[in-house]
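Student: If you're matching positions, the sequence shown starts at 6 in our numbering and goes up one per residue.
Hints may contain errors.
[As the list claims (entries may be wrong)] When the alpha-carbon atoms are kept at most 20 angstroms apart in a straight line, the in silico PhoX-like pairs for lysine-lysine are as follows: (1) K52 x K11; (2) K14 x K73; (3) K45 x K73; (4) K23 x K11; (5) K45 x K23; (6) K52 x K14; (7) K52 x K73.
Hints in this document: simulated from the structure, not taken from any laboratory.
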Amino acid sequence: MTRMVKCVKLSRELPGMKEPPLDNELGQRIFENVSQDAWKMWLEHSKMLINEFRVDLVSPEGQDFLTKQMEEYFFGEGSALPPDFVPRQPGAK
6 MTRMVKCVKL SRELPGMKEP PLDNELGQRI FENVSQDAWK MWLEHSKMLI NEFRVDLVSP
66 EGQDFLTKQM EEYFFGEGSA LPPDFVPRQP GAK
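Given only the sequences and the hints, what does the whole structure look like? Please build it.
Tutor: Spelled out as structure tokens, the structure:
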């Protein structure tokens, strides 16, 4: 049976993840409160952050940045967009 969660991001009951995405307290909190759909949205958002801010995921600073953005995305005011970011229009190449 699918595990359901009250998703904090999408504000409704949806299928949860199969396992915590991180092996820490934040990962457990996300597992308990974030749906699979919201996690997929985060993955897309995180790609934009990594590219626009040129985040080095190997460095402790880059990992801290992304972790803070993740926590803000799910449990805060939302992750900030880069100042000059222009979303790609549907159908644009």
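Student: Broken hints, numbered, in rising order?
Tutor: 1
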